[in-house]
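Trainee: Below, each chain spelled out in residue letters.
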Amino acid sequence: MADKDIIQTIERDGVTIARVRLEAILTSEQVEAFGKALLPLADVPGRRVVLNFLGVHQLTSMALGEIIRLHKRLAEAGGELCLADIDPRIWEVFAITRLDRLFRIFDREEEAVAALLGEGEAET
Amino acid sequence: MPEPTADIRDPTGWSEEVLPTRLSAIRESERRVLSRLAELGYGEDCRFAVRLAIEEALINAMKHGNRMEESRKVRLAYRVLADRVEIRVADEGAGFQPACIPDPTVDENLQRPCGRGIMLMRSYMDEVTYSANGAEVHMVKYRGSPVRGFPPEGRRR
Chain E
27 MADKDIIQTI
37 ERDGVTIARV
47 RLEAILTSEQ
57 VEAFGKALLP
67 LADVPGRRVV
77 LNFLGVHQLT
87 SMALGEIIRL
97 HKRLAEAGGE
107 LCLADIDPRI
117 WEVFAITRLD
127 RLFRIFDREE
137 EAVAALLGEG
147 EAET
Chain S
890 MPEPTADIRD
900 PTGWSEEVLP
910 TRLSAIRESE
920 RRVLSRLAEL
930 GYGEDCRFAV
940 RLAIEEALIN
950 AMKHGNRMEE
960 SRKVRLAYRV
970 LADRVEIRVA
980 DEGAGFQPAC
990 IPDPTVDENL
1000 QRPCGRGIML
1010 MRSYMDEVTY
1020 SANGAEVHMV
1030 KYRGSPVRGF
1040 PPEGRRR
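These protein sequence lines map, in sequence, to chains E and S.
Position one of the first sequence corresponds to residue 27 (the numbering used here), numbered consecutively onward.
Position one of the second sequence corresponds to residue 890 (the numbering used here), numbered consecutively onward.
Think of the hints as simulated: they come from the structure by calculation, not from any bench.
Certain hints may be false.
[What the hints assert, rightly or not] Residues from chain S that face chain E, not an exhaustive set, calculated with beta carbons under 8 angstroms:
1) L912
2) S913
3) R916
4) F937
5) R940
6) E945
7) I948
8) A988
9) I990
10) P993
11) T994
12) L999
13) Q1000
14) M1008
15) S1034
16) V1036
Even for Gly, the Cβ is constructed at its ideal location relative to N, Cα and C.
Build the full structure now, drawing on both the sequences and the hints.
Mentor: As structure tokens, this is what we get:
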């Protein structure tokens, strides 16, 4: 599976929007493909990224590990990560593991973009 | 490609499968358990919870228990009853002490990789107990029970 089949990226006002195109990040193959597709997002120093989970209905702790890894790599490179459009059940997973404290999470993609552009603070 | 080498259903309702230590082997077993839940009318929330817990338990058994040695086996036993689902996962590793796993939710551990799977199993299943050496886990989910361990300040949106 090509990276573009896992993550679709677009640029908007200097913010990279990465839309996850998997319905589940569950199996080892899905997690591996997801992690591999995330890697290039941290290649550009100072990059601001919105990771959009619209349509993702299930993930595991291994997938959470890949998101944490991206968060760390972006932070090390002076960038920033926001998450958006998270399914209520997935949001619960973030809340249970308290990762909602680590990540900036927004209801919608445009709110996350605005926050990264310094135009709003509508975190959930 | 060898798939589960045994699938036995006994009179008490338990089915047992023996899996090779290969992550790709998880999917089919998981599918069979979830089909059984759907047959007995378990709802989407319950199926989400059981799927997550089985996935985490089997990954832990293969990665941390059997150290990804394919010759080692993982035994998955399950029974789906009218009021509850029970899952047992056993590996052939040396075992571990669950109490020694660091709390993944404290600030200094938030970015560390360990402990989150066990925490999710405990949150989504109603009972999670380990054998004395930690190499076998027994999980129970009751029909209609809510997710446990959900932080009081959290909410479902």
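Trainee: Out of the numbered hints, which ones does the structure contradict?
Mentor: 8, 9 and 15
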